[in-house]
Structures are given as C-alpha cells and as structure tokens.
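**Student:** Quick note, the sequence shown lines up with residues 8 to 241 if you use my numbering.
Think of the hints as simulated: they come from the structure by calculation, not from any bench.
Heads up, a few of these hints could be off.
Calculated cross-link-like contacts (lysine-lysine; reagent style DSSO-like; alpha-carbon spacing at most 27 Å) [to be verified]:
1. 55 / 98
2. 175 / 29
3. 89 / 175
4. 224 / 194
5. 135 / 99
6. 89 / 135
7. 89 / 194
8. 194 / 238
9. 99 / 194
Simulated restraints on C-beta separations [stated by the list, open to error]:
10. 22 / 100: 57 to 63 Å
11. 8 / 236: 27 to 33 Å
12. 53 / 224: 42 to 48 Å
13. 26 / 225: 20 to 26 Å
Where a beta carbon is used, it is the ideal one built from N, C-alpha and C, also for glycine.
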Amino acid sequence: LDTLEKWVTEIFSEIPNNGLPKPSFGHLTQPFDTPEFHKLYRVVPIRKVHSLTITWALPPQEQYYRVKPLHYISWLVGHEGKGSVLSFLRKKFWALALYGGNGETGFEQNSTYSIFSISVTLTDEGYKHFYEVWCPAAAFSCCFPNVWKNECVPFCLQVAHVVFQYVKMLQKRGPDQRQVIWEEIQKIEANEFHYQEQTDPVDYVENLCENMQLFQKEDFLTGDQLLFEYKPEV
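Given only the sequences and the hints, what does the whole structure look like? Please build it.
**Tutor:** Structure below.
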C-alpha cells in the first residue's frame, strides 16, 4: 500500500488544482418535455423477439443515493411471486420476463434527469394483447384488489395497462407500509457487498474514481451498493 501511495503521489501531484466547482447541469430541467416523448414507438427488431419498454423521465435522483428510491421501486416491480405483474402476465401466457430499474449510467442518471424503465419480454400471444383488448374489471380485480376494489366498469386489459395500474397501486398505497420490504432489500444488498468476489484492481479503482465524483467522502466505497436511510417522503 505504501508503494502504491508513493506511485500515485509521484504521478498525480503535479496536476494543478484550478479550484473550479464540479460542473452541474441541474438548471436544464425537463429534457424530455417534448411531444415526441409522449408517444408509442414501434421498432422492428433484427431478431425474432417481442419486447415492450415503458420509460419515465424523472427529476434527478442521484442526490438520494443513500435512499436509492429507484432501486426500491425496481425491486417491487421486478417481483415474480404471487400478485406480481409478471405472475399475472405469465398466467395469461403473455410474457416471459420482466425487469425494471435505472442503469445508473451517465445517460440514465445525471444532474439533469433520471430514467426509469420497465421492459416486458412478450410471447407471440402477449404481443397481440399488449395494447388492444377489453374485458370487465371484475375479471382482473383478483390480481390487484386494492386497485379495482368494488369496480365493475370495463377497462382496457392490455400488458401496458397492467404495468401502469401496478405502478398506480404502489403509488396509492404509499411507502409507509413497506419499510419491512426496504429493510429486507437493505440486508440483501449488505450481504452481497460483504461476500462479493474480488474484482479486477483496475476496474475497482475506476469504480472508486467514479464514486468520488458522486458521493460523500465516507461513502466512496459503499455508496453505489448499500442502502443507508429509509425516507418514505423521497
């Protein structure tokens, strides 16, 4: 360690510190507030696959790295057990897989905005139903009873609608009743951090350098992996 410290000092000590603050583009709000963003785009893939991706442009979330709200939401959306979006779609033979979240890359998370996406891999049958099928609400109330309780009006039952209604349910119920889930995620991430495999030193140093631009000094080593604070208001 002493040798490495000596090398770093010799190599980087001559680099001048110009005293300039870190660049921020937070004043460039709502970069996707255009008519083109609020549309459905159909893209013909090269390989035979059907995928539905729904993307939200959110205010920048990197300042909440100790809470990690998008990681928390992606955990709930990506749940595959009873009552989940994927469980329902699989029963209908409409979907094979579902994942959601934020890649935490410069494009998906920065000082201007944050991107949150939910992507569903569809079956051929699911592709036929991703946007255009009608059925009574009562037929779907068993999956998310907190959303359609006592409702009997017809609605458009489609893959996209199912995703939006699940997000609506999460929003309606709020985070106050889910601290247990957040604490479970916190413990899992802590275990993965403590028992992770040793990475390549070059990759590790590169990751630390990136963390130094994003987190407080005490969180350089853990800020990109651990959950620290539960804040329902965030």
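**Student:** What hint numbers does the structure not satisfy?
**Tutor:** 2 and 9
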